[in-house]
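Work the whole structure out from these sequences, hints included.
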Amino acid sequence: MAGSKVKQDMPPAGGYAPFDYKRNLPKRGLSGYSMFGIGIGIMVFGYWKLFSWNRERRRLQIEEMEARIALMPLMQAETDRRILRMLRENLEEEAILMKDVPGWKVGETVYHTDRWIIPLTEELFNLRPRKEHLQKRFGFKWYV
Amino acid sequence: MPFVDLQTRLGIDADKWLLNQSSLQPRQNAARCHAFEKDWIECSHNIGQTRSKKECQLELEDFNECLHKKKTSKRLYAIRQQRDKMIKEGTYTPPPCHSGQANPSP
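Protein sequence lines, in the order shown, are assigned to chains A and B. Numbering of the first sequence is given in the UniProt record's numbering, commencing with residue 1 and proceeding in unit increments. Numbering of the second sequence is given in the UniProt record's numbering, commencing with residue 1 and proceeding in unit increments.
Among the hints, a few may not be true.
Using 35 Å as the maximum straight-line C-alpha spacing, the simulated DSBU-like pairs for lysine-lysine come out as follows [claimed, not checked]:
#, chain 1, residue 1, chain 2, residue 2
1, B, 71, A, 141
2, B, 88, A, 99
3, B, 69, B, 16
4, B, 38, A, 105
5, B, 69, A, 141
6, B, 16, A, 105
7, B, 71, A, 99
8, A, 105, A, 131
9, A, 136, B, 74
10, A, 99, B, 85
A few chain A positions that, by computed beta-carbon distances, are all more than 10 Å from chain B [said to hold, decoys possible]:
#, residue
11, 26
12, 27
13, 41
14, 48
15, 61
16, 72
17, 93
18, 97
19, 111
20, 129
21, 141
22, 143
23, 144
Hints listed in this document are in silico derivations from the structure and should not be mistaken for laboratory results. Note that CB positions come from ideal geometry on N, CA and C, so glycine has one too.
So this is what it looks like as structure tokens:
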């Protein structure tokens, strides 16, 4: 109805502002090549750090090993003295214990040779409390 | 094949490495009874089994003893039994070094 004075919802004066209706996909960000470059660069940096720290760790490991090697004679001497002391104590106790047993030769070796044979832990800890024997055999474990 | 030592002829080591304890071990770690086994093998080498059983009996006994420790265990057991018997009778008290005073310093 032309010419009616009804209040209607009309666009503002001057029309609406212009807006994008066409397709708009802007190029932005880094290119693919540079992203690869950054990734590879970070990896190369990481590898370099890794290898140099591994070299440092190897140097530290060598130092620890050399300390162990330097201490080895002392450790071996202590172990040997301990073993000999325990064998001596066992021998004396055996002499006391088996005095009245007929046909028993104290300290006889079961082998036919007189070579030094490394004693077993059973031999060393034979007369000691069982707890010590178990602790010697199973106290130290490589696994956790 | 018995008289043809094929592996030595060919210079290879197909299974010799696993036949004896006394053969070359990884990292040259000697076996526990290496010496006894070496003695026995050297004694009984090249003389055949019948002769070896007669002549190398001591070495074989020592080797078996090292492997199984039967005589050693028997001896230790006898000593332990005697000690327990004497403790029960009251004629023996273990000395301090054998009673758990833990100071095995060298």
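The hints, checked one at a time:
1. B:71 x A:141: Roughly 29 Å separates the two Cα atoms, so the pair holds.
2. B:88 x A:99: Distance ~17 Å between residue 88 of chain B and residue 99 of chain A Cα, so the pair holds.
3. B:69 x B:16: holds (27 Å)
4. B:38 x A:105: holds (29 Å)
5. B:69 x A:141: Satisfied, since the Cα-Cα distance of roughly 25 Å is no more than 35 Å.
6. B:16 x A:105: Given pair residue 16 of chain B, residue 105 of chain A is violated - Cα atoms ~42 Å apart, limit 35 Å.
7. B:71 x A:99: Holds. Residue 71 of chain B to residue 99 of chain A sits at ~20 Å (cutoff 35 Å).
8. A:105 x A:131: Holds, at about 29 Å.
9. A:136 x B:74: holds (21 Å)
10. A:99 x B:85: holds (13 Å)
11. 26: holds (66 Å)
12. 27: holds (63 Å)
13. 41: The claim holds: residue 41 of chain A sits with its nearest Cβ about 43 Å from chain B, beyond 10 Å.
14. 48: holds (34 Å)
15. 61: At about 18 Å from chain B, residue 61 of chain A clears the 10 Å cut-off, so the statement holds.
16. 72: Holds, since 15 Å exceeds 10 Å.
17. 93: At roughly 7 Å from the nearest Cβ of chain B, residue 93 of chain A sits no farther out than 10 Å, so the non-interface label is violated.
18. 97: violated (5 Å)
19. 111: violated (5 Å)
20. 129: violated (5 Å)
21. 141: For residue 141 of chain A, whose nearest Cβ neighbour in chain B is about 20 Å away, the distance exceeds 10 Å, so it holds.
22. 143: holds (20 Å)
23. 144: holds (24 Å)
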